[in-house]
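Novice: Protein sequences appear in the order of chains G and S.
Just so we're aligned: 192 in the numbering used here is position 192 of the first sequence, and the numbers increase by one with no gaps anywhere.
Just so we're aligned: 77 in the numbering used here is position 77 of the second sequence, and the numbers increase by one with no gaps anywhere.
Mixed in with the good hints there might be a few duds.
Unchecked claim - Examples of chain G residues toward chain S, derived with CB under 7 Å:
#1 VAL122
#2 PRO284
#3 VAL288
#4 ALA295
#5 VAL301
Worth flagging that the hints you see were computed from the coordinates, not collected in a lab.
Since we're looking at a predicted model, the values are computed, not measured.
Here a beta-carbon is modelled for each residue, glycine too, at the ideal position from N, C-alpha and C.
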Amino acid sequence: MNPREVWPGLALLAVVAAMPLVASNAVLNFLLSSLVVALAAQGWNILGGYAGQLSFGHAAFFGTGAYATAILQTRYGVNAWAGLAAGIALGALVGWAIGLLAFRARLRGSYFALVTLAFAEVLRILANAADVTGGAAGLLVRLAPGAGNLQFASRAGFLWLLTGAVAAVLLLTAWIAHRRLGARLVAVRENEDAARALGVDVLRVKLSAIALSGAITAAAGCLYVQNFLYLDATIAYGTWISVEVLIACVLGGAGTVLGPVVGALALHGVGELAKIALGHVAGPVPGVDLVVFGALLILAVAFLPRGVMGGLRRALRGAGR
Amino acid sequence: MLPPELIAEAVANGLLAGAAYALVALGLTLVYGVLHIVNFAHGALLTVAMFAAWGMHAFLGVEPYAAIVPLAVAFMALGYGLQRWVIGPASHGDDGNTLLVTLGLSILLENAMLALFRSDTRSLGTEAGFDVVEIGPMLLSRPRLIGFAVSLATAALLWAVLAMTDTGKAIRAVAKEKLGAQLSGIDPRHIYAVTFGLGCACLAVAACLLLPTFYVNPRVGNAFVLVAFTIVVLGGMGSIPGALVGGLIVGVVESLGGLLMGESLGQLGIFVIFILVLLLRPTGLFGARA
Numbered sequence: 001m002n003p004r005e006v007w008p009g010l011a012l013l014a015v016v017a018a019m020p021l022v023a024s025n026a027v028l029n030f031l032l033s034s035l036v037v038a039l040a041a042q043g044w045n046i047l048g049g050y051a052g053q054l055s056f057g058h059a060a061f062f063g064t065g066a067y068a069t070a071i072l073q074t075r076y077g078v079n080a081w082a083g084l085a086a087g088i089a090l091g092a093l094v095g096w097a098i099g100l101l102a103f104r105a106r107l108r109g110s111y112f113a114l115v116t117l118a119f120a121e122v123l124r125i126l127a128n129a130a131d132v133t134g135g136a137a138g139l140l141v142r143l144a145p146g147a148g149n150l151q152f153a154s155r156a157g158f159l160w161l162l163t164g165a166v167a168a169v170l171l172l173t174a175w176i177a178h179r180r181l182g183a184r185l186v187a188v189r190e191n192e193d194a195a196r197a198l199g200v201d202v203l204r205v206k207l208s209a210i211a212l213s214g215a216i217t218a219a220a221g222c223l224y225v226q227n228f229l230y231l232d233a234t235i236a237y238g239t240w241i242s243v244e245v246l247i248a249c250v251l252g253g254a255g256t257v258l259g260p261v262v263g264a265l266a267l268h269g270v271g272e273l274a275k276i277a278l279g280h281v282a283g284p285v286p287g288v289d290l291v292v293f294g295a296l297l298i299l300a301v302a303f304l305p306r307g308v309m310g311g312l313r314r315a316l317r318g319a320g321r
Numbered sequence: 001m002l003p004p005e006l007i008a009e010a011v012a013n014g015l016l017a018g019a020a021y022a023l024v025a026l027g028l029t030l031v032y033g034v035l036h037i038v039n040f041a042h043g044a045l046l047t048v049a050m051f052a053a054w055g056m057h058a059f060l061g062v063e064p065y066a067a068i069v070p071l072a073v074a075f076m077a078l079g080y081g082l083q084r085w086v087i088g089p090a091s092h093g094d095d096g097n098t099l100l101v102t103l104g105l106s107i108l109l110e111n112a113m114l115a116l117f118r119s120d121t122r123s124l125g126t127e128a129g130f131d132v133v134e135i136g137p138m139l140l141s142r143p144r145l146i147g148f149a150v151s152l153a154t155a156a157l158l159w160a161v162l163a164m165t166d167t168g169k170a171i172r173a174v175a176k177e178k179l180g181a182q183l184s185g186i187d188p189r190h191i192y193a194v195t196f197g198l199g200c201a202c203l204a205v206a207a208c209l210l211l212p213t214f215y216v217n218p219r220v221g222n223a224f225v226l227v228a229f230t231i232v233v234l235g236g237m238g239s240i241p242g243a244l245v246g247g248l249i250v251g252v253v254e255s256l257g258g259l260l261m262g263e264s265l266g267q268l269g270i271f272v273i274f275i276l277v278l279l280l281r282p283t284g285l286f287g288a289r290a
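Here chain G stands alone, though its shape is the one from the complex (with noise of 0.2 Å):
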């Protein structure tokens, strides 16, 4: 593990952490919610960013996760913690599958895009008609405080919460990315023949990083129904997920260790600054936000090669000369 790769997340996070001393609840209320975003990012920057199978359907993952745990909590009494568990294996086993039939098909590039995206689509229009889900009725988690439920009453407990397992995958993130799993995942990115040509077996290596991509990200999902207490299809399996995670990566830096994290925090700090400064103006109008995050992710790609992480870098590096 390359330390400086890991001590500016971490002083980053901390800092975050520090925030319920000083901050008002709205900003606590904007960090939660980017945190959320942020370790489901992570998940997508293994698959996406690492190995370089973009996903345009990553809900599926957090939907699954999200669903797990509170079908689990409100259907057969489960306790919280072992819903997190469950649904964080189920996300991997979802990634698994996914990637099993899509993979073996040689699905690459737009073709999987399309893919993630249609299994996503489809497993929306299930959740909205199956019972089991509530249904479009959503379902609501009972309120009950107290750590052994996964429930906080105060917004800096859950806060830390969010913080620590951000912090415990940027270390995974770090710990893989030198790893002999981390060099076959970049390798399979940079030229999948001369991979496979090396050696390397293509398919498993995609196959770990898909499930192990849908794990982080379907735990994220997990935390999101703990943390608002309601889900319903469109909020699991809908189109908003996917792409803001996509988009974080990114904008942060796809395939960095800390550009999931700080991606999601710049789109949702953006996007909250964009509805402020109009909604001044024009009253609240709809969409503003999404409309910032469509071009900021235009802008990244056309002036941002490896996101905000890649500009830093090379700002340092030009710095240090």
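Got chain G sorted already, so can you dock chain S onto it with the hints?
Specialist: Frame of chain G, contents of chain S only:
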């Protein structure tokens, strides 16, 4: 068992809807065949085109059928500009980047429509949308019949442009062998932009044909875009006859599925076809091996 007239009517309606789908898919498949990218902004651009056609009627009093030519020209120019000065330069020649840029464009356009027009649903508000024509035992919607005819005519026109004009020849040359085309003095950036423009022009025509029988709202393009992707994949990415046949098949499947299983599960049928084709035969019915 359902009475045969009901099934015949569902098939006929499916074919009529399928022609409109085919037109939307035509633009998508054309862009894919030449630029080798999936244009994720296609649905959002269709939404913009439908709002444009609606606006022509609401503010200028131009009937949708009269708006076909001016809107097609305007969208040709819009598409040309988008590809030449936004999508092309922003993606630095990398396919993954193009995918991301068109996704960004789609989010931007869709939500700009949402911010401008809110999520209200609009329609032409004229009676013309409900006209029916009696053919044998079936009652078919007149605007959809017109849409069917114009869709086929547009496809024929597009085919003629590709087959008979110099620009069409250049487009086919770039699609087959970009470097060779470049060596023969063709500017691929120009041809890419022209192709993207033609794709957008198809959308403008489709929007004018859809408007009399469809509602317009900022999310309407989404309903079409995954259907269009399915058609393109089913017919074979880049194949024009594939888009036509695929469109008609999907229209019929959706219509029959809706009749037999109810609306929302009929939609599910489309996604299932989509995934199965991608997994089992990604080259589609008419596509060459990639």
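Novice: Now look at each hint and say whether the structure bears it out.
Specialist: Here is how each hint holds up against the structure:
no.: 1; hint: VAL122; result: 5 Å, holds
no.: 2; hint: PRO284; result: 10 Å, violated
no.: 3; hint: VAL288; result: 6 Å, holds
no.: 4; hint: ALA295; result: 6 Å, holds
no.: 5; hint: VAL301; result: 5 Å, holds
Violated hints amount to a single one, hint 2; each of the other numbered hints is respected by the structure.
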